[in-house]
Each structure stands twice: as structure tokens, then as C-alpha cells.
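There are 2 protein chains.
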Amino acid sequence: MSQTINPISVTTRARTTASDASVLARLCEIVGAEHVLVDPERVEPYAQDAVKEKFPPEAVVLPRTAQEIAAILKLANEARFPVTARGGGVGYTGGAVPVEGGIVIGTDRMNEIREINADDLYVIAEPGVTTYALQQAVEAHNLFYPPDPASYKTSFLGGNIAENAGGMRSAKYGVTKHYVLGLEVVMPTGEIIRTGGKTSKNVVGFDLTGLICGSEGMLGIITEAILKLLPLPEATRTVRATFKTMREACACVTRFTRARVTPVAIEVLDRNAIRAVETEFAFGLDQNAGAILIVSVDGAVAEVEHASRVVEKALREGSGYDVMRAVTREEEDRLWDVRRALSPAMKKFGTLKLNEDVVVPRSRVPELIERVEAIGQSHKTFVVNFGHAGDGNIHVNFMCEREDKEAVRRARDAVRETFAVAIELGGTISGEHGIGYVKAPYLDMAVDTATIETMKRIKRALDPNGILNPGKMFV
Amino acid sequence: MSQTINPISVTTRARTTASDASVLARLCEIVGAEHVLVDPERVEPYAQDAVKEKFPPEAVVLPRTAQEIAAILKLANEARFPVTARGGGVGYTGGAVPVEGGIVIGTDRMNEIREINADDLYVIAEPGVTTYALQQAVEAHNLFYPPDPASYKTSFLGGNIAENAGGMRSAKYGVTKHYVLGLEVVMPTGEIIRTGGKTSKNVVGFDLTGLICGSEGMLGIITEAILKLLPLPEATRTVRATFKTMREACACVTRFTRARVTPVAIEVLDRNAIRAVETEFAFGLDQNAGAILIVSVDGAVAEVEHASRVVEKALREGSGYDVMRAVTREEEDRLWDVRRALSPAMKKFGTLKLNEDVVVPRSRVPELIERVEAIGQSHKTFVVNFGHAGDGNIHVNFMCEREDKEAVRRARDAVRETFAVAIELGGTISGEHGIGYVKAPYLDMAVDTATIETMKRIKRALDPNGILNPGKMFV
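Chains as they are written, first to last, in our numbering: chain D, 8 to 482; chain B, 8 to 482.
Calculated from the structure, these hints are not laboratory results. Be careful, since some hints might not be right.
Which copy is meant is left open, because identical chains are indistinguishable; a pair holds if it fits in one copy or across any two.
[Stated by the list, open to error] Heads up, simulated SDA-like pairs for lysine to any residue below, C-alpha to C-alpha not over 20 Å straight-line:
#  : residue 1 : residue 2
1  : 251       : 292
2  : 463       : 201
3  : 354       : 97
4  : 235       : 180
5  : 235       : 181
6  : 235       : 432
7  : 81        : 457
8  : 320       : 252
9  : 235       : 176
10 : 355       : 380
11 : 59        : 97
12 : 235       : 433
13 : 320       : 308
14 : 160       : 143
15 : 235       : 430
16 : 320       : 238
17 : 160       : 340
18 : 81        : 29
19 : 463       : 191
20 : 320       : 241
Given these sequences and hints, build the entire structure.
Set out below in C-alpha cells:
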């Protein structure tokens, strides 16, 4: 099914038992009629995510509690209609869109932060809190929630957990799953379970928390999360350098390790990325450069002073030039402006951006980028690469015009070849975005049959009627 | 079943189809006759773990490869006999002992470190490598594998992963599961799967790695692990302080956080622990003290100098006395000697040590220990508490004579009450040791019915014939 989806089409509204008057009446009973949306214009905002393909749900239901979601799922199992949970709706693989119709459960109203515990270093929050709101709330207590997906201003915690979101800080701090201590989850069949707890050590039964993180809304709907916090680092320092070649830039990553420094972020831009932002915004970057690295360290003031000098030295020794080390917050912001300018700068290269987030062992990044450039050339597709050099997670962006079917086909061929290269280099097809329906046709490139069958066994055991988020992950 | 096990009994050897001549012949075909042990004296070492109750397997099979284990599990499903995987056999909840008979698969021969990758910060190892051997091997490359269960010299990586082992460093570095990037696993039905990969970001399909970590050998047998490494910290510094009360000691833990220092280890000894080691070894400790804290920091030299002074100041301001800050390696060892002396010092208080590893939010540790002391008194049982104050994981040791059935009964009652208190304080019944058969009767105190049922559904889906490690976790 997923293979046949046309990127420029708007799917007509599906029709399942969710549209039955009796079902809609029951949904209204459960959450209140004002929280069941069926008008096309009110349902419309819930039809797509960042992929921008529309799959309008038959109804959008906006519950307030886990108990309401449990009742909805029991009804869905009785009447057999699909249910898709939605957070901020900013994913890149369609995880939150109802490709097989049915209802969308929006977690918009479940946005309470229930407890911030500075002594025990955890926060308890509902799934509809944005990552940004959570970060702001805990930083007011000098606490730190490290996961920082690029979409953090609009993404919801529920979606972050369901997708196991990454971000720039993961080179030092890991990804979302490393901060999830416990969950309340409504299972596909409507039971409410509690996994994990408030402590970072907990080995009581199977690690269902681990299983739910990254399960893309297919094994349960998260209704509460207990998240681990750290003390807020005192300071950060950022250093930026330009390189003639990508190989020189990436070689610096292991230089940091050998100097025993673990930067919080190591962001890389490739030659096309540099030209794109320079053409658009005239930062004064070297247009002939092969790569730019932006490196941040954090910690106590004395520590970041030391570490940022180690980083600066490593960058210079690694043939970096135009090296700039920021000391003030304003200087730091200026160094990062180049990275922030990327998305707007890329728009002129096409209305459709196939933004793939492959990941390879970090020493293989230069080879990945060289081969991706060659793939782009052979398919006559402009490609911009940037991303997280510290953990090998590169955002490969093939640009084309949405209406040019031939160009879209070429770009899609380039994507498939890029996935094959990432796997060949010891990596895989997604570091942050997940599978959803967009990458479902490629899952078997990265994961063998027995492993996929194990995943399917778990899905069938927990969701025998296939209610939750059908049409995702497996084709 | 587990409730009726008598701690001083030796279970007679069970008899299942594993003892059939035809099955033994097939096992010999798979791994070679010299790697199938059936003589009582050769099987004996595989009959128990640190719990010291004997459940002799019908045969011990020592495979070399995942393919051999796959063949054994296919045979087990055909002939229907239990299979229990074993690492170092040093667990505290019986995870590696065959309580329902059948065979034990010993991973002793699967002890190769396959790759240490300093550039990409991972190591690939077989399950039979000891934690210590792995640490030594990677430290030779200036790399660091943080998980450090107390049994690290003899425990195997496979067991560490299956039990999601903790340790002292988890206050800063987390537990074993945070370092498992990917696994090769033989499923209960004999398929070989590969989970995760070599990169720290990987969101391709359900996180089976997360599910297998801590699954206590019930969902699969680990045959290879890809583990994440860090750069080896340049230095460590240790500070020790004595306190009149446990409350004063534990209050220092949040003082560190407020000073934005995250120590690598914060170990605590309670009054009985102090008296026990002082009586036995005469370190010169204050016999009337209520608690001792031993705090280590690690990092770059400048960083640990700064952090250890912050720690020292916090300990003094928190009414700590006899404060000692180690600068040399020898001084550091001396500070830790007190902690190392605990196990030998406790032996004189009883031949049976019920060593429970409850965990609570760290600010609740003083209340936990006060209530555990009261429980010990009401059950006339000597109790020694020590453990990881940084993450709230306290080792509660009720001491009694193995032969004194009445004293054992009282100690067991004290254990159940201790579990109830840990849960009441927002914690749970195990932070490090797992459930096995020892804690199986208590699982439903900590986990609700719907959550246990979810775990059972996964077990049934992946192990329909109940082959792997029966008699564990669920009663």
C-alpha cells in the first residue's frame, strides 16, 4: 500500500465503522461532543505531518484522560476501526497520520506538567506537553532535559517518546529513550498499564518502557511519562571551523575523543549546504569550502573553558580555518546562525525535500557523503547534506519540484540507493525519524526477515485486531 | 512453585525429555560430545548462583556459536524440554538456574572480543566475556565501558545484559541497557535475530534491544552484543565523610546537584555497616556514626580538582566530619577499603544473607533505612544497609543462620515488609538483581495485573512452548 502513495495526492477520506452514527455517538459520550471533530475543515489540520501528504481522519477525538482513551480503544476493538495517536504532528515519516482511515486521537488537551522533582531529578508530564515547554519549565529549576529534536518547539513529548526522538545533543547525552524512566500507556486493547517508575534503576519484569519507546504509536498510546532530568550545565561554549574537505572535518571528531572531550553537539554542513546558505544570506563563508563544523561543549565554567580550547586546537591541527570560538552568548548565536539558515536557504532548490536521516558509524560519514553526492549526480538531483557528525546521523536532502513527476521518481531512486549505501557502511536507514509509512517499503533492506517477524509477533500479541496505527512500519 | 522452595534444600535432579538418550545424542551431534556434560559432579557447578540453592540441570551444553544454540532451541521445542541460559552464574535471584530441570546452556566458550572500534566508540563481544575482561580490553585503548556490577570480575556480559546490571557508577553513567547498541539473539523458537546496530541512533522498527535487556533469559539467548564506549576519563577523585545521622548524609546528595556536580558514585554505609567493618577491621571509624558517604568524581584533571572540592565543601557544610579527600591512587584505594570490607565483615552475622536491592527516589533513602531498621528490630533480625545513595538503590541485608528455620522465616517476613515500604516510598523491589524465581512471589506487589499480563502476552508470543527459563518472574 505505502509504495503506491503519490507524494502530490490528497487521499480522499476513508470510510470505516468509525463513521457510523452509533460509533460517533459513543465517542461523544466518552469525551464530550465538543471534543469530537468531524467537520472537514476542523479535521483537516490532523490529516498530515511534515511529509505533507493528506490523509483526513473520519473523526478527531480529543480526550483528557487515560481512562477516556481506554474507553475509546475498547470501542475501537468492538467496532473494529483504526485509531492513530497524534502529538504535535511534525514527524517526517507519517507516524501520526491515519493512512487507513478511522479516528485520530489528538493529545492536545493532555498538556499538564504534573511534578518537577529537583531532589530526585525527574519530571512527570502528560504527552501533549511540547518539548520546549518542558525544557523551559525544568530549566527554571536549574534542571536539564537533554533531548532536543529540531522540532522541539512544536513536537509533543508523547510523539518524542513514540518516535524515540534524537537531536543535536545526542552525541553527549543520548536520545529520548535514555530519559524515559516510566510510562503510563493505554494498550491497543484498552487496558491501562504502568511501566518503569521514578527511579533510574528498575529491573522488575520485562522492560516495557524500552519496548514502547520508538514503537511509533503501534503498541500503545502514552498518557503519562516520568522523565529523567540532569542538573543544568553551568555554561556552553561553541567553536566553528571551515575545512577544504569533508574528510578533514570528520577526522576532527575522533581527535576530540582522543583528547577525551565529548562535545554536546558536533554539527556538520557539506559543500552544497555551505553554498546554499552563503548564496541566500551572505555570512561571509568560503564558497569553495568542503565542510563546516560547529562544535559545542557544556559543563562547569572551568570545564568548558578547557574543553573549548581543546576543541579549537584539534580543529586547527585538523586543517580547520576561519576558526571562531564564541565566548559570549551573542557570539555563540552568530556561529549557530549558519546552521539555522539551512532550512530557509534550501527552499529555493525545490518544493519537495526528501529529507532522509540515515546514520552510519561516525568515521564513515565522509564516505557516505561522497557516495551520496555521486548518487545525486547520477540521478540529476540536487542534494544537501548536513547533520550530527558526532553520532553519524546525517540528514540527506534530495531536492526537487513536487509537480515534476519524473524528478520525484529520480529523487526516490536516489533515496533507495542512499539507504543501501548507509547499510553497506554499517549503518541504517533512520537515526531519528522512524519508519511510519514513508520508510515502510525499505524496512527489509535494514532488518532481516526473522527480526521483522519477531516485531510482528509482538504487534499481533498486543494488538490482535490491528487497531493501533495500521499501515505503518510493515508493508 | 517458587514460594515453597526451602533455602537450605538441595533439589533433586529433575527429569524431563532432556534426559532421553535420543535427545542427549542430538545435543552431542550439535555441539560435540565433549561439550555436553551429564555427570553429576560436572553438572554440579551449573546448579546454583549466588542464592546458593542447588537445582542441578539434566545436562549442561556448552555451544560455541549462535547457530548451535539455534539448533538446540529447535530441538527443545520439538522434544519440549526447558532451556536455561547461564553467564557467570553470580546472580542474586536465580535467573541462571534451571528450577524446572532441562538443560543449561553455558556461554563459557563464547568469550571472544570481536572488535574494539576507538573511532566509532563501540566494542563487539560474545556473551561469555567477563565484564572485567571487557573493561580491561577497552581501557587499553583509552576507552571506557561504565557499567560495573559488584560481580564484574566474574559476571559475563550476556548475564549483565539479560539482567540489565547496574553498579556504582550508574549515578552518573546509567545502567547496562544504556550501553547496548545492538544484539544478536537466538529466539526461544530457534530463529536468530539481529537488533539495533553499531550506531547510537537507530529507530528502525520496534526497539527489540530494549526489550531483550533485562528480560532475564526468558525471551531469547544473547549471542553477541555491540556495546557503546566512551572516552576514558582522565582522572578520578574520591572524598569520604562521616555523619551523625543518615538524614544528614543523604541531604548531601541534593547539595551536589544544586552545585551542578554529578558524582560518578555516591556510596553510603549505615550505622550497622560501619560497626561491622570497624569491629572486624579497625579502620578507625567513629563507631557511633550514623552514616558514611564515599563520593567519587571523574573527568579531566582540572574538572575533577574543581568537582572534588565542591563535593568536599558540600560534605562539610552538610555536617560531615572526618572528611578525607584522596589525591593519589593509594589514598583513594584506602577510602574505598571501608566499602570493600563490608562483605567479609558481614559474614559473622549469619550464614544466610538475604541481600535485597530495593530502590527508592533518592531523597527517600533516609526514611527507607529508618523503616528497615524498625522492621529488623520487630523481626529480631540483624540488618545491614549500604548501597548507591546517588540513585536510591540500597542493598538491605537481613542476616540469619541458614539452619535456623524460625530465624529464616522471620527474615523473609522482614523482606516482604521492606518491599512494601520501598513501593510505598515511590520505589520498587529491585534496582539491580531482577526477579528470577527468588522475587517472583513479590512481583505483583510492584506491578499491576494489566502490566504483568502484557509481559506474559509477549512471553507467550515469542516462546509459545515455554521453553526458555521457565519458573521465573511469574508465579
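Cross-check of the supplied hints:
no.: 1; hint: 251 - 292; verdict: within (12 Å within a copy, 62 Å between copies)
no.: 2; hint: 463 - 201; verdict: between (23 Å within a copy, 15 Å between copies)
no.: 3; hint: 354 - 97; verdict: within (18 Å within a copy, 59 Å between copies)
no.: 4; hint: 235 - 180; verdict: both (12 Å within a copy, 13 Å between copies)
no.: 5; hint: 235 - 181; verdict: both (12 Å within a copy, 11 Å between copies)
no.: 6; hint: 235 - 432; verdict: between (33 Å within a copy, 18 Å between copies)
no.: 7; hint: 81 - 457; verdict: between (31 Å within a copy, 14 Å between copies)
no.: 8; hint: 320 - 252; verdict: within (18 Å within a copy, 48 Å between copies)
no.: 9; hint: 235 - 176; verdict: both (15 Å within a copy, 16 Å between copies)
no.: 10; hint: 355 - 380; verdict: within (19 Å within a copy, 70 Å between copies)
no.: 11; hint: 59 - 97; verdict: within (10 Å within a copy, 54 Å between copies)
no.: 12; hint: 235 - 433; verdict: between (31 Å within a copy, 15 Å between copies)
no.: 13; hint: 320 - 308; verdict: both (18 Å within a copy, 18 Å between copies)
no.: 14; hint: 160 - 143; verdict: within (11 Å within a copy, 43 Å between copies)
no.: 15; hint: 235 - 430; verdict: between (32 Å within a copy, 19 Å between copies)
no.: 16; hint: 320 - 238; verdict: between (28 Å within a copy, 18 Å between copies)
no.: 17; hint: 160 - 340; verdict: within (17 Å within a copy, 48 Å between copies)
no.: 18; hint: 81 - 29; verdict: within (15 Å within a copy, 49 Å between copies)
no.: 19; hint: 463 - 191; verdict: between (23 Å within a copy, 18 Å between copies)
no.: 20; hint: 320 - 241; verdict: between (23 Å within a copy, 18 Å between copies)
Of the numbered hints given earlier, the model fails none.
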